[in-house]
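Protein chains in written order, with my numbering: chain A, 2 to 215; chain B, 2 to 215.
Since the hints were derived computationally from the structure, they do not count as laboratory data.
Keep in mind it's a predicted model, so treat the numbers as computed, not measured.
Don't take each hint at face value.
Repeated chains share a single entry, so a pair holds when one copy, or any two copies, can fit it.
Derived BS3-like pairs: lysine-lysine, alpha-carbon spacing no greater than 30 Å straight-line [stated by the list, open to error]: (1) Lys167 / Lys31; (2) Lys46 / Lys178; (3) Lys56 / Lys112; (4) Lys81 / Lys31; (5) Lys167 / Lys32; (6) Lys32 / Lys11; (7) Lys46 / Lys78; (8) Lys78 / Lys189; (9) Lys167 / Lys11.
Number of protein chains: 2
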Amino acid sequence: MGFKKVSRMKIPDATIRRLSPYDRCLEELKKSGNNVVSSSDIARKCGTNPAQIRKDFAYFGEFGVRGVGYYVENLQKDIKMALGINRPWMCALVGAGNLGFALLGTDSLAKRGFKISVIFENDPILVEMGSFQGIPLFGMDEMAQVISDFGIHIGLIAVNPETALKVSHSLIDAGIKGILNFTPATLKVPPGVVLKNVDFAIDLEGIAFQLSNQ
Amino acid sequence: MGFKKVSRMKIPDATIRRLSPYDRCLEELKKSGNNVVSSSDIARKCGTNPAQIRKDFAYFGEFGVRGVGYYVENLQKDIKMALGINRPWMCALVGAGNLGFALLGTDSLAKRGFKISVIFENDPILVEMGSFQGIPLFGMDEMAQVISDFGIHIGLIAVNPETALKVSHSLIDAGIKGILNFTPATLKVPPGVVLKNVDFAIDLEGIAFQLSNQ
Numbered sequence: 002m003g004f005k006k007v008s009r010m011k012i013p014d015a016t017i018r019r020l021s022p023y024d025r026c027l028e029e030l031k032k033s034g035n036n037v038v039s040s041s042d043i044a045r046k047c048g049t050n051p052a053q054i055r056k057d058f059a060y061f062g063e064f065g066v067r068g069v070g071y072y073v074e075n076l077q078k079d080i081k082m083a084l085g086i087n088r089p090w091m092c093a094l095v096g097a098g099n100l101g102f103a104l105l106g107t108d109s110l111a112k113r114g115f116k117i118s119v120i121f122e123n124d125p126i127l128v129e130m131g132s133f134q135g136i137p138l139f140g141m142d143e144m145a146q147v148i149s150d151f152g153i154h155i156g157l158i159a160v161n162p163e164t165a166l167k168v169s170h171s172l173i174d175a176g177i178k179g180i181l182n183f184t185p186a187t188l189k190v191p192p193g194v195v196l197k198n199v200d201f202a203i204d205l206e207g208i209a210f211q212l213s214n215q
Numbered sequence: 002m003g004f005k006k007v008s009r010m011k012i013p014d015a016t017i018r019r020l021s022p023y024d025r026c027l028e029e030l031k032k033s034g035n036n037v038v039s040s041s042d043i044a045r046k047c048g049t050n051p052a053q054i055r056k057d058f059a060y061f062g063e064f065g066v067r068g069v070g071y072y073v074e075n076l077q078k079d080i081k082m083a084l085g086i087n088r089p090w091m092c093a094l095v096g097a098g099n100l101g102f103a104l105l106g107t108d109s110l111a112k113r114g115f116k117i118s119v120i121f122e123n124d125p126i127l128v129e130m131g132s133f134q135g136i137p138l139f140g141m142d143e144m145a146q147v148i149s150d151f152g153i154h155i156g157l158i159a160v161n162p163e164t165a166l167k168v169s170h171s172l173i174d175a176g177i178k179g180i181l182n183f184t185p186a187t188l189k190v191p192p193g194v195v196l197k198n199v200d201f202a203i204d205l206e207g208i209a210f211q212l213s214n215q
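Based on the provided sequences and hints, a complete structural model is requested.
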C-alpha cells in the first residue's frame, strides 16, 4: 500500500517536518539489520512516541501490518514518495561565500536527492574560473538562460541580505518555483512559488525559550 | 500587560517558531514609523492571517487594546520576554570550518541576543592563533574549563558529522544545557538538555513536498 497524491492543505507542516527524521531513523534501523519495525522501534530511535508516529503516518494511509509492523523498505519508499523526493531535484546555489562553500562541502543534500547543479556568483574572479568543485559557475546575469538550460527547480539564496530580494526576483523571473532563503532578509513570492527561510536564530530562540521555561 | 512565565508544554512549537518572525515584522513596522498596529497590519507584513496571530498571542495573554491595536514596543518586549531573549545568551561555536565562518560572518545571531563568545577547534594552527575575529579560540580539550569560565549557555556544533556525537558529550559534560546541531548526525541528550537540529534538507523536502502536491 502506498501514499496517494494528497492535498498539501490537509497535512500539517509539523508532520511534513517529521517525515524526514523518520526516514533517517528508518535508514539507521535498516543498517542495523531490521527489515520490519514497529512504531515503538521507530519512536525509540527518533526520540518521539509511537502514537505520534502512527498519527503522522495516518495522514497518508495505513502501512503497518497488525502484529507484524512496518516493512522498512516499503515505508521508506512511501515516505520518499510522499515528500516528493523519489525523484531528483536540481538546485542552483546563488552566492559562493562561506555558507555557499559549506553547502557545497556536504553530501547530505545530495544524499536526499537535492543536487546543486549550478552556482551563480557576482565575484568576477570566480565567474572567470567557470566552475567550482566540478559544478558550473555563472555570473548572475546569465541566470535566466542557465536555469532554463539546466532544468533547475530550486534556488538556494546564500548571498548577503541586501542582495537577497533582487536575487529572489531574478530567480522567479527565470521560472524557479522553489526558493530556500538562507539570509535574514524578508522575501515575498507570488502564488505558485514556494519559499522557505532557514533562520538559525529561530532555532536558538526555541532553545532559549525552553531553557527559560523549564 | 506582559507575558507570564508559562509552561512550555502548553505552547505548540509552531507558535514558538512564529514568534520570531512576528518580532522581525514588528521591527520593520516600527522602522516605518508605526507605533500602534493591528493584527491585520502584522499579518500583511508577515504574510500570514490575523486570526493566526491573535491565536498565537492568546497563548501568552491578551495584549491588544480593542479598537486601538497593539503597541509595537510593548508587544516586542513581551515577545522577547516570552522567547527568553530579553537577556543575552552566551554561545560557544565548536568547529571553525566553512559553516563556522559563515556563522561568525553574520550579525543576525548577535542581533537576536546570541553572542558567540568562544570558539573550539581541533586544528592546531587555528588553536595556535588563539583568537579569530577577536573571539577567543581554544582547543577541544579545554572545553570544560572555558565553558565554566566564560559562562557559556549554548553550544553550536559545526564540526564534521563523525565528530558531532563526541562533541555533544563533551559539551554536556561541561555543563551546557542547550545545543544547536548543524550536522546531519543524530544526537541524543539527557533530560534537562535542549537539543535542536538545523537540517537544510528538511526545508528542501518541505519545498519538494509542496511543489509535488500543488
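Copy assignment of Lys81 with Lys31, given that the CA separation must stay at most 30 Å
Within one copy only: 15 Å inside, 43 Å across.
Intra/inter-copy verdict for Lys167 and Lys31 if alpha-carbon distance must be at most 30 Å
Classified as between; 23 Å across copies, 44 Å inside a copy.
Pop the pair Lys46 and Lys178 into one bin, within, between, both or neither, using alpha-carbon distances up to 30 Å.
Classified as between; 22 Å across copies, 34 Å inside a copy.
Since the copies are identical, ignore which copy is meant and state whether Lys167 and Lys11 lie within 30 Å (CA to CA) inside a copy, between copies, both or neither.
neither (33 Å within a copy, 40 Å between copies)
Same-copy or cross-copy closeness of Lys32 to Lys11 [CA-CA at most 30 Å]:
neither (33 Å within a copy, 37 Å between copies)
Regarding Lys78 and Lys189, is the shortest C-alpha distance of 30 Å or less found within a copy, between copies, in both, or in neither?
between (33 Å within a copy, 26 Å between copies)
For Lys56 vs Lys112, is the C-alpha pair at or below 30 Å within one copy, between two copies, both, or neither?
within (27 Å within a copy, 39 Å between copies)
Within, between, both or neither, where Lys167 and Lys32 count as close if Cα-Cα is 30 Å or less:
Between copies, since 21 Å is at most 30 Å while 45 Å is not.
Quick one: Lys46 to Lys78, C-alpha cut-off 30 Å, is that within a copy, between copies, both, or neither?
Within. Shortest intra-copy distance 19 Å satisfies the 30 Å Cα cut-off; inter-copy 39 Å does not.
Checked against the numbered hints given earlier, this structure breaks hints 6 and 9; the rest are met.
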